[in-house]
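Enquirer: Based on the hints, put chain B in the right spot on chain A.
Chain residues, written in single-letter form:
2 protein chains.
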Amino acid sequence: MNNFTFVNPVKIIFGKNTIKHISGEIPANSKVLVTYGGGSIKRNGVYDQVAEALKGYEWYEFSGIEPNPHYETCIKAAALIKEKKVDYVLAVGGGSVIDATKFIVAAACFEDGDPWRLLSEKPKVTAKKAVPFGTVLTLPATASEMNSGAVITKASTQEKLAFGSPLVFPKFSILDPTVTFSLPPTQISNGVADAFVHVVEQYLTYPANALLQDFMAEAVLKTLIIEGTKALENPNDYDVRANIMWACTCALNGWIAVGVPQDWATHMIGHELTAFYGIDHAKTLAVVLPGVMTILKDQKAEKILRLGKEVFGIQSDSASELIDSTIKATEEFFHKLNIKTRLSDYGIGDEAIEKVVNRMKERGWKLGEKENITFDVVRKILELRK
Amino acid sequence: MNNFTFVNPVKIIFGKNTIKHISGEIPANSKVLVTYGGGSIKRNGVYDQVAEALKGYEWYEFSGIEPNPHYETCIKAAALIKEKKVDYVLAVGGGSVIDATKFIVAAACFEDGDPWRLLSEKPKVTAKKAVPFGTVLTLPATASEMNSGAVITKASTQEKLAFGSPLVFPKFSILDPTVTFSLPPTQISNGVADAFVHVVEQYLTYPANALLQDFMAEAVLKTLIIEGTKALENPNDYDVRANIMWACTCALNGWIAVGVPQDWATHMIGHELTAFYGIDHAKTLAVVLPGVMTILKDQKAEKILRLGKEVFGIQSDSASELIDSTIKATEEFFHKLNIKTRLSDYGIGDEAIEKVVNRMKERGWKLGEKENITFDVVRKILELRK
Chain A
1 MNNFTFVNPV KIIFGKNTIK HISGEIPANS KVLVTYGGGS IKRNGVYDQV
51 AEALKGYEWY EFSGIEPNPH YETCIKAAAL IKEKKVDYVL AVGGGSVIDA
101 TKFIVAAACF EDGDPWRLLS EKPKVTAKKA VPFGTVLTLP ATASEMNSGA
151 VITKASTQEK LAFGSPLVFP KFSILDPTVT FSLPPTQISN GVADAFVHVV
201 EQYLTYPANA LLQDFMAEAV LKTLIIEGTK ALENPNDYDV RANIMWACTC
251 ALNGWIAVGV PQDWATHMIG HELTAFYGID HAKTLAVVLP GVMTILKDQK
301 AEKILRLGKE VFGIQSDSAS ELIDSTIKAT EEFFHKLNIK TRLSDYGIGD
351 EAIEKVVNRM KERGWKLGEK ENITFDVVRK ILELRK
Chain B
1 MNNFTFVNPV KIIFGKNTIK HISGEIPANS KVLVTYGGGS IKRNGVYDQV
51 AEALKGYEWY EFSGIEPNPH YETCIKAAAL IKEKKVDYVL AVGGGSVIDA
101 TKFIVAAACF EDGDPWRLLS EKPKVTAKKA VPFGTVLTLP ATASEMNSGA
151 VITKASTQEK LAFGSPLVFP KFSILDPTVT FSLPPTQISN GVADAFVHVV
201 EQYLTYPANA LLQDFMAEAV LKTLIIEGTK ALENPNDYDV RANIMWACTC
251 ALNGWIAVGV PQDWATHMIG HELTAFYGID HAKTLAVVLP GVMTILKDQK
301 AEKILRLGKE VFGIQSDSAS ELIDSTIKAT EEFFHKLNIK TRLSDYGIGD
351 EAIEKVVNRM KERGWKLGEK ENITFDVVRK ILELRK
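The listed protein sequences correspond, in order, to chains A and B.
If you use my numbering, the first sequence corresponds to residues 1 to 386, in order.
If you use my numbering, the second sequence corresponds to residues 1 to 386, in order.
Honestly, the hints are just simulated from the structure, not real lab data.
Just so you know, not all the hints are guaranteed correct.
Now the in silico label distances, taken between C-beta atoms and shown as ranges [said to hold, decoys possible]: (1) Lys129(B) / Lys122(A): 30 to 40 Å; (2) Tyr277(A) / Lys336(B): 51 to 61 Å; (3) Pro235(A) / Lys129(B): 40 to 50 Å; (4) Ala162(B) / Glu233(A): 42 to 52 Å; (5) Asn3(B) / Ala162(A): 26 to 36 Å; (6) Asn3(B) / Tyr206(A): 34 to 44 Å; (7) Gly56(A) / Pro123(B): 25 to 35 Å; (8) Tyr60(B) / Lys124(A): 51 to 61 Å; (9) Glu302(A) / Asn3(B): 33 to 43 Å; (10) Gly313(A) / Lys328(B): 19 to 29 Å; (11) Pro235(A) / Asn358(B): 50 to 60 Å.
Everything numeric in this text was worked out from a predicted model, so none of it was measured.
Where is the CB? At the ideal position from N, CA and C, for every residue including glycine.
Next comes chain A alone, as it looks inside the complex:
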C-alpha cells in the first residue's frame, strides 16, 4: 500500500425529508446565495423546500448554471457574492452546480487577478480563502457533494480544466433520494456510468497490495451494477435510489482512493470530447473506457482479471479470454444503461480523433497510472472507438 493522507470533513445528511435541515447547518444571520441550474428544481418541488428552510435568512439566487459549467457564468456569480456581501452559499443541483459553486466561492475571494489562474496556473496559484457553502444534491453522479474538486469549462477557448482546494469541501451536503424520482432516465444512466468510471479510474491500474481498497472499490461497482438497471426498471423504488445515491458519493469521496495508484486517462480524454462536441460527460467515458482497457490491457492485466472475477463474476481458465470478456462486459454494462459506446453513435466522425490528439500533443500530457498514455496512445485508443 502507498503512503497516504486522507481527510474529508463534509457532513452528510442523508434520507427522506432532509432538506429542512438546511436551517440547522447555515449560521443564523448569514446572507445566503442559492446557486442552481436550469430551473428543474422549480418543477420538482426542491426549490420550494429550500425556500421554506431559508425562511428568516436574507437570501439571493443565481440561476442558469449550465452542464459542464462555464467559467464565464461562474464569474458573474462571484461578482454577485461581492456585491451583496454574501457570507454563505447553498448549491442546489447536481455535479455541475456544485462544481461551479466551488469555483465561485473561491473566485469571489481571489485577489491575484483573473480567477481562471486557479485552473490554468495550478499548482502554483492556489485558493487562499473561500466563502463557506453547503449543497442540496439533486442528481447522483459526480460525488462533488463530498469532495473538494471541480471541473470548469472556459467556453471562449473550449478548455475544460480541473480545480481543487481543501477550502472548497462543502460544509454539509443534503442527500434526499426522493428528489431523484423525477429525474429523466438518461440522467440516472449517466450518473451511474459516471460513478462506475470514477471507481474504475481508482481501481483498474496495477496491484498495490491494498486489499481493503480493492474490496471496497468492488463494493461500489457491484452496487452500481445491481442497482443501476433496477433504477431504470423501477424508478420509484426508494432503496434502489438511495443505494445509487450513496454509491455515487462513495465512488469519489476519497474512501477508495487512499494508498492506491490512479489512472484518470478516460476522464481526461472524455473531457476533450465534451469540450469540442458537447457530448454528456458520462457518455464520453462510456465511449473511451473500453478503448483504454483494450490498449492498456497488458499493463492493467491483473486488475482487469480481478474486475472480471470479483465484480462481473466471469469464470475462465484462460487469462486472455477473461480479460477480453471483462472488457466486453464493461461495454455491455453501459449498453444495459442505454448508453452508446461508439463515437459514430454520437455522429462524431474520424476527424475528431486528430482534434483530440492535437490537443493532447499541445499540452504534452502523459496520462494514466504509469504516465505513458501520450498523444499517440490516445490516437490508438480513439481509433478503436470509431
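Expert: Coordinates of chain B only, in the frame set by chain A:
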C-alpha cells in the same frame, strides 16, 4: 436504507516513516501533553520518534494508562493539563491510550462537578469543550484513532461505560504500520478479532436494503480474515500489516455504520466479563459472539446467510445448515487467531454467568438491534459459552 447523518473530520496520515509529520499538525507554540501506556513505546523506538518530532515544543508526558483505562488514572492526567495549562494533547498508543485521552481532554474542561457524569449521566450531561488532540497509533484494533467514542472503566466500582462527543474526534492520527512489527502475536490477534466483531455489530442484524454498506462491511471482514492469519505467519510483511491497520480503522470509523441497524450486544456483555475478570476485551468478544449468533439465529438469519456465503464462501442448499456452518466458521476464525472461545478456557466458572446477568438486570438494559436481549437472554447466551 435508514436516514443518517455522517461526519468524520479526522485527518489520517498513513504509511512508513510518518511520525515525523506530527510537527506539521500541532500548532507551533502549543504546550503539549504526551499520553501513553506502560512504556512499550520506549522499547520500540516510537517514543524517540515522537520526541524528535516535538523538538521546539514545550511538552510534558503522562504515562501509565492501563488497558481498559481507568477513570481514576484519567482524572490525574486531566489535573496535569490544568496545572501545566496544556493546550494540545498527543496520545501515543493503542485504543486504551486513545480512549483514555478522549475522556481526559473532555474531563480537563468539565465544569459541572465530577467528570464521571459524562459517562454515568449521558445523554443528559455532555461535554461542552475539550482540549484538541492528535494520536500516533501503535496497535491496530479499536479504530479509536478515527472516531469520537471511548470506553472507560471505573476501577472502584468495576463499571465499564461508553463516552462519546463530536468534540473528541482526534484532529489527526498517524498510522505507521511498521510500528506494529514488534507487537506480540496475541496483540495482533486481539486487534483483528476486535475489529472483526466491530464490523459484525454493524452488519449482522437484519436487512435494511443498504447494499453498499453490506458489501463494504464484507470488504472489511474479508480483509481481516485473509490478512489476519498471514500477519501471524509473516510478522514482517509490510503490506499485510498495512492492510490490517487500515481495516481495523475502517471497521469502526463510521463508514459501514451509516443507514443500517446496529447490535452491540456482544460488546456490552463482553465489557462485563472484562470488568469482573480482567479478560482481554477481544477475547471476551470471541467468547460471547458465537452465543449471540446461536441464540439470535432466527432474528439474524438473513444476515448470517449473507455472512456465510459472501465472507466465508460457504455453499449449502439448506439455510439452517448454512447458518450453523457460518456460526462454526466464525468461532473457527477466532481459533485460527489462537483465541479461545469458551469461558472455561479462561478459568471462569459458572458463577460468572449470574454475576453478569445480575448486572444486566440491575441496569435494565435491553440489548441488540431489536432491543430484545434482556438479562434472561444474556443468561441463555452465556450458558452456551461455558
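Enquirer: If a hint holds in the structure, say so; if it does not, say that too.
Expert: Comparing the hints with the structure gives:
1. Lys129(B) / Lys122(A): 30 to 40 Å: With a Cβ separation near 38 Å, Lys129(B) and Lys122(A) satisfy 30 to 40 Å, so the hint holds.
2. Tyr277(A) / Lys336(B): 51 to 61 Å: holds, 57 Å
3. Pro235(A) / Lys129(B): 40 to 50 Å: holds, 48 Å
4. Ala162(B) / Glu233(A): 42 to 52 Å: Holds: the Cβ-Cβ distance is about 44 Å, inside 42 to 52 Å.
5. Asn3(B) / Ala162(A): 26 to 36 Å: holds, 33 Å
6. Asn3(B) / Tyr206(A): 34 to 44 Å: Taking Cβ atoms as reference, Asn3(B) and Tyr206(A) lie about 39 Å apart, which means the hint holds.
7. Gly56(A) / Pro123(B): 25 to 35 Å: Given range 25 to 35 Å: holds, Cβ gap about 28 Å.
8. Tyr60(B) / Lys124(A): 51 to 61 Å: violated, 41 Å
9. Glu302(A) / Asn3(B): 33 to 43 Å: holds, 40 Å
10. Gly313(A) / Lys328(B): 19 to 29 Å: Holds, since Gly313(A) and Lys328(B) (Cβ atoms, about 27 Å apart) stay within the stated range.
11. Pro235(A) / Asn358(B): 50 to 60 Å: Once the Cβ atoms are compared, 54 Å apart, the range 50 to 60 Å for Asn358(B) and Pro235(A) holds.
Consistency note: the structure conflicts with earlier hint 8 alone.
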